[in-house]
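Using the sequences plus the hints, can you model the full thing?
In order, the protein sequences belong to chains A, B and C. Here the working numbering is used: position 291 in the first sequence is 303, and no number is missing along the way. Here the working numbering is used: position 52 in the second sequence is 64, and no number is missing along the way. Here the working numbering is used: position 186 in the third sequence is 198, and no number is missing along the way.
Check the hints yourself; a few may be wrong.
One copy or two, it doesn't matter: identical chains are merged, so the pair holds either way.
The list that follows gives simulated cross-link-like pairs (lysine to aspartate or glutamate, DMTMM-like), each with its CA atoms no further than 20 Å apart [as the list claims (entries may be wrong)]:
hint	residue 1	residue 2
1	93	117
2	86	59
3	257	225
4	198	278
5	216	159
Hints are computed from structural coordinates only; laboratory data are not their basis.
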Amino acid sequence: MKNLINSQDLTKIELEKLFVLSDKMNKRQKKYDDSLKGFVIATLFYEPSTRTRLSFESAIQKLGAGLISTENAKESGSAKKGETLEDTIKIIQGYADMIILRHFDNDSSDRALKVASVPIINAGAGNGEHPPQGLLDIYTIRQYKKEINNTSIAIIGDLKNGRTVHSLIKLLCLYENITFYGFSVKGLELPKNYIEYIESHNAKYFICKDFSEIPSDVNFIYQTRIQTERLENKNFSIEDIILNKERFSRFSENTYIMHPLPRTNEISTDLDDDKRSIYFKQAHNGIPTKMALIYSIIKDFYKNKKHF
Amino acid sequence: MKNLINSQDLTKIELEKLFVLSDKMNKRQKKYDDSLKGFVIATLFYEPSTRTRLSFESAIQKLGAGLISTENAKESGSAKKGETLEDTIKIIQGYADMIILRHFDNDSSDRALKVASVPIINAGAGNGEHPPQGLLDIYTIRQYKKEINNTSIAIIGDLKNGRTVHSLIKLLCLYENITFYGFSVKGLELPKNYIEYIESHNAKYFICKDFSEIPSDVNFIYQTRIQTERLENKNFSIEDIILNKERFSRFSENTYIMHPLPRTNEISTDLDDDKRSIYFKQAHNGIPTKMALIYSIIKDFYKNKKHF
Amino acid sequence: MKNLINSQDLTKIELEKLFVLSDKMNKRQKKYDDSLKGFVIATLFYEPSTRTRLSFESAIQKLGAGLISTENAKESGSAKKGETLEDTIKIIQGYADMIILRHFDNDSSDRALKVASVPIINAGAGNGEHPPQGLLDIYTIRQYKKEINNTSIAIIGDLKNGRTVHSLIKLLCLYENITFYGFSVKGLELPKNYIEYIESHNAKYFICKDFSEIPSDVNFIYQTRIQTERLENKNFSIEDIILNKERFSRFSENTYIMHPLPRTNEISTDLDDDKRSIYFKQAHNGIPTKMALIYSIIKDFYKNKKHF
Chain A
13 MKNLINSQDL TKIELEKLFV LSDKMNKRQK KYDDSLKGFV IATLFYEPST
63 RTRLSFESAI QKLGAGLIST ENAKESGSAK KGETLEDTIK IIQGYADMII
113 LRHFDNDSSD RALKVASVPI INAGAGNGEH PPQGLLDIYT IRQYKKEINN
163 TSIAIIGDLK NGRTVHSLIK LLCLYENITF YGFSVKGLEL PKNYIEYIES
213 HNAKYFICKD FSEIPSDVNF IYQTRIQTER LENKNFSIED IILNKERFSR
263 FSENTYIMHP LPRTNEISTD LDDDKRSIYF KQAHNGIPTK MALIYSIIKD
313 FYKNKKHF
Chain B
13 MKNLINSQDL TKIELEKLFV LSDKMNKRQK KYDDSLKGFV IATLFYEPST
63 RTRLSFESAI QKLGAGLIST ENAKESGSAK KGETLEDTIK IIQGYADMII
113 LRHFDNDSSD RALKVASVPI INAGAGNGEH PPQGLLDIYT IRQYKKEINN
163 TSIAIIGDLK NGRTVHSLIK LLCLYENITF YGFSVKGLEL PKNYIEYIES
213 HNAKYFICKD FSEIPSDVNF IYQTRIQTER LENKNFSIED IILNKERFSR
263 FSENTYIMHP LPRTNEISTD LDDDKRSIYF KQAHNGIPTK MALIYSIIKD
313 FYKNKKHF
Chain C
13 MKNLINSQDL TKIELEKLFV LSDKMNKRQK KYDDSLKGFV IATLFYEPST
63 RTRLSFESAI QKLGAGLIST ENAKESGSAK KGETLEDTIK IIQGYADMII
113 LRHFDNDSSD RALKVASVPI INAGAGNGEH PPQGLLDIYT IRQYKKEINN
163 TSIAIIGDLK NGRTVHSLIK LLCLYENITF YGFSVKGLEL PKNYIEYIES
213 HNAKYFICKD FSEIPSDVNF IYQTRIQTER LENKNFSIED IILNKERFSR
263 FSENTYIMHP LPRTNEISTD LDDDKRSIYF KQAHNGIPTK MALIYSIIKD
313 FYKNKKHF
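Pasting the structure below:
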């Protein structure tokens, strides 16, 4: 594994290795503390981010690597002077040993990969993919349910633009007997190609028109934010998809609530204290999974070079 | 001491301990150089800042800790997507072992503290408080006058919105026989609750209508900037409160000029070379006092945990 | 060498020393890896930058120093509250052991130097100078042509506002028998004082009205971007100065193409794969030359102080 651009690049074996390494990172095993000393890693973000950027930057430093960071590449950098993404990548790879990219174009990471001589991690591309989020999501599923095979999960909200949902689907489809229940706001349904992806991987997809249609013993409810910043028509009610204490009351003691965050109000704060609300713990899993991801890629990429 | 939210949280004994430790930090004692290695600290700033953010970030690195930084959390991060401060704190505490927060709401740090599982330092909250500034201010007073008891100080300018003045008052009131002379622009007088605070702590507050009403042997003149960014009506003259060479000429050889900075023109640059102008040295005291503050809190908070 | 403000501050001997050290940095000699540990260096940028800021920040970390960074000092910091550059410098020098400054005023670094107690590096000042770029440019020339004396170079595009061209001219004029061919867009000719500078240093300057007037055996073509952000009248065609495969076909096998980058379209991407296109390698030389620059200045400045 020398890059992470699309979720389907990951095999089940690679995923399992990453999870085992993530467990070690979670325990803060001393041997990894300065393991990437001497490397410099760039975070290059063309879209706003708190969670993804800061968790990557924390992971980078926990591994002892140096960090160069662009919080707002669209406005503060060469993009404003008309530089193409390809040129920017070709330059920054002279300054850093790995580039972590968030960009507003769906094909940005693929384009970066074509010109890159250092590893690229896609940390969010338009309304396409966000594989590191998929990674931490599956890691969280594994943490709470032990087994990833035989998982049922309700995906709710903006299934059209939510790139975390798209990455999650692709990664889950690596496992056996996965069932998705999709419940979206009207007009934000899961795109056809993702439904086909699910079905061609022997997983199941059921469309739900209401919370009541989601089985009460579903393993996970994966709620998402309506990405109003990507919508042209903002005139719709999200009332129906809000998950609150009352609506959650019919679900099982083993149904966990996930959310890639940030949330607006689609999960009511009255659920925050419920032990089945694991969305903050899910976010915190960004650290060990990103440490494992960065470490694995750097180690693989530079194994025969003087660096490592 | 496990957080620093409001100045009144600090006792006189804690202050003294911080000052002794600040003296050590000032001498760059080797033992502190990598003392926080392995920790990661977040600076989360929702309002513009050069001084406070950069001095915290310098202090963090001088102690050997890792740093994750948000220069403009209001625009570049999840706040723009509608995330509450509480949610942001709950997430970032999974990435960092301490959060240093600047926010435009007066109760922001109190709100953060309620949900936080890591230490919080209030680095400026609306027009409320700014305790780390108070800390460096008192440290500067101690440096130049040796004794903090029996201090007289003229506070000038925007006494209503100047959060550094508010923190300074609360910290000085921990000491004996303190006298304040307040000289403000019309409409920006010291709020009544602060006058009551002073009087209930056996300190004195005198209102001055002119520079000439400030005793010429006052120990310190603490000038402040008119915070035009917080004012609705900007039509007033600050001419009267400008301190220049001429107006300063009647003051004693032992009267020092302080300012939390940045200044616009309320201290004339013709005073910069006067040895009693200590505002830049005051700013530089941000480093040892912040090093002491961070070190003390981290050490106290994590003393029984695996980290330390 | 205790600062780098203007290119003419550098002597030929200093340049040569920097190049020899840059060669060592390029090889990542272990002895420099943590050589600046304990120092903190500030990057203070009032104008957008990707290349310069990130390459300085990478260099800083490769040397083991701490970093405090301002990506957008104009908007996110004290400048917005009305603080002068001089005051900002006087404050930050209490937080950092060196300041790397980019500012929109031509005299900014000179003004900073006047008040500074720590070394200042001018990383771009208005449409004036950009000495670190000049440094990496000459280092690149030395790398590809071995000898800097007897160099011919065509400078193309915006010769009026292009500060990298200005720094390059001054540094090249330290050497023997240098010939410049200037080919600019109408209205963006090389200012008279630079032509006089060239001629007073026994170098030659020829004005070209077309690509065809540039000798086909010129050693280097130094293309530059039209800095539309600095122009009032943007109505002109850059068509004539675009360098593409066809126009480049008449040049020698030993004519190299340089560009300070970012480019818009003044070098056609069909030239990117030509081995004589060295603009990305040129950009990458920012790392070893900046490492050498920072290391030399810090070492010289702090040699008798406790730091080093």
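Now the hints, each set against the structure:
1. 93 x 117: Classified as both: same-chain Cα gap 18 Å, cross-chain 19 Å, threshold 20 Å.
2. 86 x 59: both (7 Å within a copy, 13 Å between copies)
3. 257 x 225: Only inside one copy: residue 257 and residue 225 sit 17 Å apart there, 63 Å across copies, limit 20 Å.
4. 198 x 278: For residue 198 and residue 278, the Cα distance is within 20 Å only inside one copy (15 Å; across copies 47 Å).
5. 216 x 159: Classified as within: same-chain Cα gap 18 Å, cross-chain 69 Å, threshold 20 Å.
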